[in-house]
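Visitor: Chain by chain, the residues run as shown.
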Amino acid sequence: RKEVEQDPGPFNVPEGATVAFNCTYSNSASQSFFWYRQDCRKEPKLLMSVYSSGNEDGRFTAQLNRASQYISLLIRDSKLSDSATYLCAVWGNTDKLIFGTGTRLQVFP
Amino acid sequence: SQTIHQWPATLVQPVGSPLSLECTVEGTSNPNLYWYRQAAGRGLQLLFYSVGIGQISSEVPQNLSASRPQDRQFILSSKKLLLSDSGFYLCAWSRGTLGEQYFGPGTRLTVT
Chain B
1 RKEVEQDPGP FNVPEGATVA FNCTYSNSAS QSFFWYRQDC RKEPKLLMSV
51 YSSGNEDGRF TAQLNRASQY ISLLIRDSKL SDSATYLCAV WGNTDKLIFG
101 TGTRLQVFP
Chain E
1 SQTIHQWPAT LVQPVGSPLS LECTVEGTSN PNLYWYRQAA GRGLQLLFYS
51 VGIGQISSEV PQNLSASRPQ DRQFILSSKK LLLSDSGFYL CAWSRGTLGE
101 QYFGPGTRLT VT
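If you read the sequences in order, they're chains B and E.
Sequential numbering of the first sequence, starting at 1, is according to this note's numbering.
Sequential numbering of the second sequence, starting at 1, is according to this note's numbering.
Just so you know, the hints here were simulated from the structure itself, not pulled from any lab data.
Sample of chain B residues with no beta-carbon within 12 angstroms of chain E, all distances over it, derived:
| hint | residue |
| --- | --- |
| 1 | Pro14 |
| 2 | Val19 |
| 3 | Glu56 |
| 4 | Arg59 |
| 5 | Ser68 |
| 6 | Lys79 |
If you anchor each label on the Cβ, the simulated ranges turn out as follows:
| hint | chain 1 | residue 1 | chain 2 | residue 2 | range |
| --- | --- | --- | --- | --- | --- |
| 7 | B | Thr94 | E | Ile53 | 19 to 25 angstroms |
| 8 | E | Lys80 | B | Gln106 | 36 to 42 angstroms |
| 9 | E | Val12 | B | Cys40 | 17 to 23 angstroms |
| 10 | E | Pro105 | B | Asn12 | 27 to 33 angstroms |
| 11 | B | Asn55 | E | Ser29 | 27 to 33 angstroms |
| 12 | B | Asn12 | E | Ile53 | 46 to 52 angstroms |
| 13 | E | Pro105 | B | Ser81 | 15 to 21 angstroms |
Model, not experiment: these values are computed from the prediction.
We put the beta carbon where it would ideally sit given N, CA and C, even for glycine.
Sequences are here, hints too, so could you generate the full structure?
Guide: Now the structure itself:
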């Protein structure tokens with residue numbers, strides 16, 4: 001089993017739609033969680049950290065479910081500019097941040 | 001604010017040639033530094049990381065090496081490139097463990 005798993009997608013959604021991605025992790029001792037956005041041929045950019053209580057930043061909401069070992073990212077009112085690949089990342093109990101392979105989102109007009 | 005630089009942005013090298021990619025971080029001290037490779041359409045593969053000057057941890061056995069000659073400088077090298085070394089090389093930094101990692105703009109390497 002991979003340490004961090006994501007559905008590769010693509011998720012094709014119309015503008016204005018709400019879309020959600022999940023990311024599962026295998027190490028129950030994992031302590032920190034993040035979502036990154038990566039545009040084609042660019043570096044990943046930090047979108048948001050994921051806290052135990054959940055957190056929201058504008059149209060984006062991230063949540064952590066420790067019991068089921070997954071994190072989620074919800075995007076409301078999707079924009080064309082949200083089209084990208086979304087990577088989740090998990091710190092285990094090592095010096096390494098483990099990345100998922102990403103979920104591709106395509107928002108169409 | 002912190003800034004991370006990588007160069008060159010793109011590189012085309014023949015098989016068997018040497019490689020040197022450089023990464024520098026500004027605006028912070030004693031960062032953790034990381035080298036990743038992302039092959040086309042694939043996930044991020046951690047190659048090396050460093051928690052201090054002269055300290056390098058290698059994640060994947062290969063013909064690449066890394067060095068950290070200064071606190072905020074991280075170098076990725078190879079003596080002889082292979083075709084399979086082609087990819088998008090990303091440097092990242094973090095403030096210790098458990099925190100966010102921030103990526104440089106990357107170097108796109110094509111080995112011909």
